[in-house]
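Using the hints, position chain B against chain A.
Number of protein chains: 2
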Amino acid sequence: MSFLFFLCYSGDPTMYENYWEKIGEKTTIVIRGWDSMSYFSDLKSICWFLEPEFAKQVVRLHKIVGNAETQGRHVVVGTGSSQLYLAALFALSPKESTQPIHVVSAAPYYSSYPSMTDYQKSGLHKWAGDANNFTEMGPYIELITSPNNPDGFVRHSCVNKTGGAMIYDLAYYWPQYTPISSPADNDLSLFTVSKSTGHAGIRIGWALVKDPEVARRMTKFVELNTIGVSKDSQIRAAKILEVVADSCEQSGSSDFEQSFFEFSYHLMEKRWQQLRETVSKSGGIFSLPQFSPAFCHFHSKVLQPHPAFAWLRCKDGIEDCESFLKGHKILTRGGRHFGASSSYVRVSMLDRDDTYKMFLKRLSSIR
Amino acid sequence: MSFLFFLCYSGDPTMYENYWEKIGEKTTIVIRGWDSMSYFSDLKSICWFLEPEFAKQVVRLHKIVGNAETQGRHVVVGTGSSQLYLAALFALSPKESTQPIHVVSAAPYYSSYPSMTDYQKSGLHKWAGDANNFTEMGPYIELITSPNNPDGFVRHSCVNKTGGAMIYDLAYYWPQYTPISSPADNDLSLFTVSKSTGHAGIRIGWALVKDPEVARRMTKFVELNTIGVSKDSQIRAAKILEVVADSCEQSGSSDFEQSFFEFSYHLMEKRWQQLRETVSKSGGIFSLPQFSPAFCHFHSKVLQPHPAFAWLRCKDGIEDCESFLKGHKILTRGGRHFGASSSYVRVSMLDRDDTYKMFLKRLSSIR
Chain A
1 MSFLFFLCYS GDPTMYENYW EKIGEKTTIV IRGWDSMSYF SDLKSICWFL
51 EPEFAKQVVR LHKIVGNAET QGRHVVVGTG SSQLYLAALF ALSPKESTQP
101 IHVVSAAPYY SSYPSMTDYQ KSGLHKWAGD ANNFTEMGPY IELITSPNNP
151 DGFVRHSCVN KTGGAMIYDL AYYWPQYTPI SSPADNDLSL FTVSKSTGHA
201 GIRIGWALVK DPEVARRMTK FVELNTIGVS KDSQIRAAKI LEVVADSCEQ
251 SGSSDFEQSF FEFSYHLMEK RWQQLRETVS KSGGIFSLPQ FSPAFCHFHS
301 KVLQPHPAFA WLRCKDGIED CESFLKGHKI LTRGGRHFGA SSSYVRVSML
351 DRDDTYKMFL KRLSSIR
Chain B
1 MSFLFFLCYS GDPTMYENYW EKIGEKTTIV IRGWDSMSYF SDLKSICWFL
51 EPEFAKQVVR LHKIVGNAET QGRHVVVGTG SSQLYLAALF ALSPKESTQP
101 IHVVSAAPYY SSYPSMTDYQ KSGLHKWAGD ANNFTEMGPY IELITSPNNP
151 DGFVRHSCVN KTGGAMIYDL AYYWPQYTPI SSPADNDLSL FTVSKSTGHA
201 GIRIGWALVK DPEVARRMTK FVELNTIGVS KDSQIRAAKI LEVVADSCEQ
251 SGSSDFEQSF FEFSYHLMEK RWQQLRETVS KSGGIFSLPQ FSPAFCHFHS
301 KVLQPHPAFA WLRCKDGIED CESFLKGHKI LTRGGRHFGA SSSYVRVSML
351 DRDDTYKMFL KRLSSIR
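Those protein sequences? They're chains A and B, same order as listed. Residue 112 in our numbering is what sits at position 112 of the first sequence, and the numbering runs on without skipping anything. Residue 127 in our numbering is what sits at position 127 of the second sequence, and the numbering runs on without skipping anything.
Isolated chain A (complex conformation) (with noise of 0.2 Å):
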């Protein structure tokens, strides 16, 4: 099995190396022995590990982007979006119940949901699978991802009772990604540097939280699970999102000037062609989904989404996409793992250029 491949199945996002390298040292951070020592970063903040700085460019940046309502929020930070997803299940939990609430997600949903919630067997919460089929009574927790991980589509809450709690995992929901039609306005919406900014190995996301007393029992999970957030890794990452949130405000027209989302969108897209056409001429071995052209606030015109993951399908004779392409030297997560048939998987878009043109050479030899 050829290494390069295990990273194109694992959805690491190393495309934009090539983009900071180009930015340069306007990124670089200094961090000296004696700097941010303590546990404590804001004892004024429901979430005491907050660094402000970091606090300050998350809001600035979805001002400017006009992908989130900041406004009565409460910013809970994360050891990734992951912790948060976490905490929030921890907090919209009920605290007295004998009988863990039901999780639920439509289905095809991120892979890693059903085991993330159910690893430490918790007496709080229940993976109750896809949330199509949830008839259950009682309260219930509904995750919705949006753009949705694997397939890319724009996603509504679609469970319709009382009693719920909804989760919104806005991790794909900037503007190389989709259309920003616009600010999410949701009682707890995650997010996360991995997938917006390229760095996942800094291990940062956020919560934006309505309710205090949600945010306070986050807060209080985190602390009990890791005792805070890397400090280092804030700092950094509050330098990273203002060099984006720079970058859109300084953005021209020349190739130059370009922010980091016309960057990455055009990236996108380049990357989203050569797909179609190379799946358009498998003569029907393959197909993508087909997405709706919206009207994005933050580029200001009508344009394609192109999602982080492309949901590949095999046509009807090949049961097992992820078996068939393995054997093609291809390897990627099959439907199965996203509670959808095994004739789907899912493809990382956001690996090198190496890795990605590989995988489309080997993917236009199928025949």
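Keep in mind the hints are simulated off the structure, nothing from the lab. Check the hints yourself; a few may be wrong.
Identical copies go unnamed one by one, so any copy, or any two together, can satisfy a pair.
[Claimed, not checked] Below, in silico cross-link-like pairs of lysine-lysine (DSS-like), each with a Cα-Cα straight-line distance of 30 Å or less:
| id | residue 1 | residue 2 |
| --- | --- | --- |
| 1 | K361 | K210 |
| 2 | K326 | K220 |
| 3 | K161 | K301 |
| 4 | K270 | K357 |
| 5 | K161 | K329 |
| 6 | K161 | K315 |
| 7 | K44 | K357 |
| 8 | K95 | K220 |
| 9 | K95 | K121 |
| 10 | K126 | K26 |
| 11 | K220 | K126 |
| 12 | K357 | K126 |
Below, chain B without anything else, positioned relative to chain A:
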């Protein structure tokens, strides 16, 4: 309530800031925008998110200090040792059992262990209190903190039954706190930079694990919990451990040439002398634990222990020592939190000079 004493209360190791400032730029790190963007650090290691340079410096420092056997151990990195404690519980709990495994520790134990063990209402593990009173049959996990938080004594396993797994929390097994008698030779030991070098805000801990299957399960826990550990903080921790190790190898006789552990040993020695003096003048209102001196292989002489916390006892007439001290504007954590009598409190010995001096001043005013 004085804000200062919130910090003294918590064990924030800000005392070390002075040393790192004095040392200067040696520990400064520079991280550029395109550095360490990937999720992955070392695909050849069981712990795929472990930065090789961090692992290298961990092993090097343990060899120099002589406080842990690293041969035949796997290093697993965590977001503080808190995350690794949870990872160890996950790894050591029987997978197929219908009943949660009992988790015990001899009182007085670290006040966060009960809530960390139970906050998820996990079906895998359950806090079962003081190891001294543990009489249940079947498998169990014993947690041994040595030197102990809160009371500073060297600890050994105290449950003498078959079917037990041990987690050694060795956060304080460093030469500034306790004589290093021999390299710890356990199946599973936990360490953290918070207490060894004072970098709490960095959130980096590590486990030394003998059984590769346990290391694999701990890695799986961190993957499901936070998809790895901040690379920025691992890189910073590697640099700090390198400078500490260098300071040990290059230490000389002058103040300027002191190793990190000589500097911090003398500081702890001074603080304990001051505290013992203050307590001895209290007219018997307070008492402190008495420790036996022992040979320290690191310092090559017989030395007194100087724990990171003082386990202060109020005389018999004062039943609630925490409330009593609160009345004198000294905020501490009462014995009940540690599974012990409320005539005890835990006081942090690691706060900044000003805070520690004010603590002594307020304590000495009580007659």
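So, going through the hints one by one against the coordinates:
1. For a Cα distance limit of 30 Å, the shortest separation of K361 from K210 qualifies neither inside one copy, at 47 Å, nor across copies, at 44 Å.
2. Only between protomers do K326 and K220 lie at most 30 Å apart by alpha-carbon distance; the minimum there is 24 Å, versus 43 Å within a single protomer.
3. For the identical chains of this complex, K161 and K301 are neighbours neither inside a copy (36 Å) nor across copies (71 Å), given an alpha-carbon limit of 30 Å.
4. In the homo-oligomer, the alpha carbons of K270 and K357 lie at most 30 Å apart inside one protomer (12 Å), although the nearest pairing across protomers, at 64 Å, exceeds that limit.
5. With identical chains, the CA atoms of K161 and K329 are never at most 30 Å apart, being 45 Å at best within one copy and 52 Å at best between copies.
6. Taking CA atoms no more than 30 Å apart as the test, K161 paired with K315 passes in neither setting, with 36 Å inside one copy and 60 Å between copies.
7. Taking the shortest alpha-carbon separations for K44 and K357, only the inter-copy value of 25 Å comes in at or below 30 Å, while the best intra-copy value is 49 Å.
8. In this assembly of identical chains, K95 and K220 lie within 30 Å of each other by CA distance both inside one copy and across copies; the values are 13 Å within and 27 Å between.
9. Both within a single protomer and between protomers do K95 and K121 lie at most 30 Å apart by alpha-carbon distance, with minima of 16 Å and 10 Å respectively.
10. Taking the shortest Cα distances, K126 and K26 never come within 30 Å of each other, neither inside one copy (45 Å) nor across copies (49 Å).
11. Taking CA atoms no more than 30 Å apart as the test, K220 paired with K126 passes in both settings, with 20 Å inside one copy and 19 Å between copies.
12. Proximity of K357 and K126 under a CA criterion of 30 Å is satisfied in neither setting, with 40 Å inside one chain copy and 50 Å between copies.
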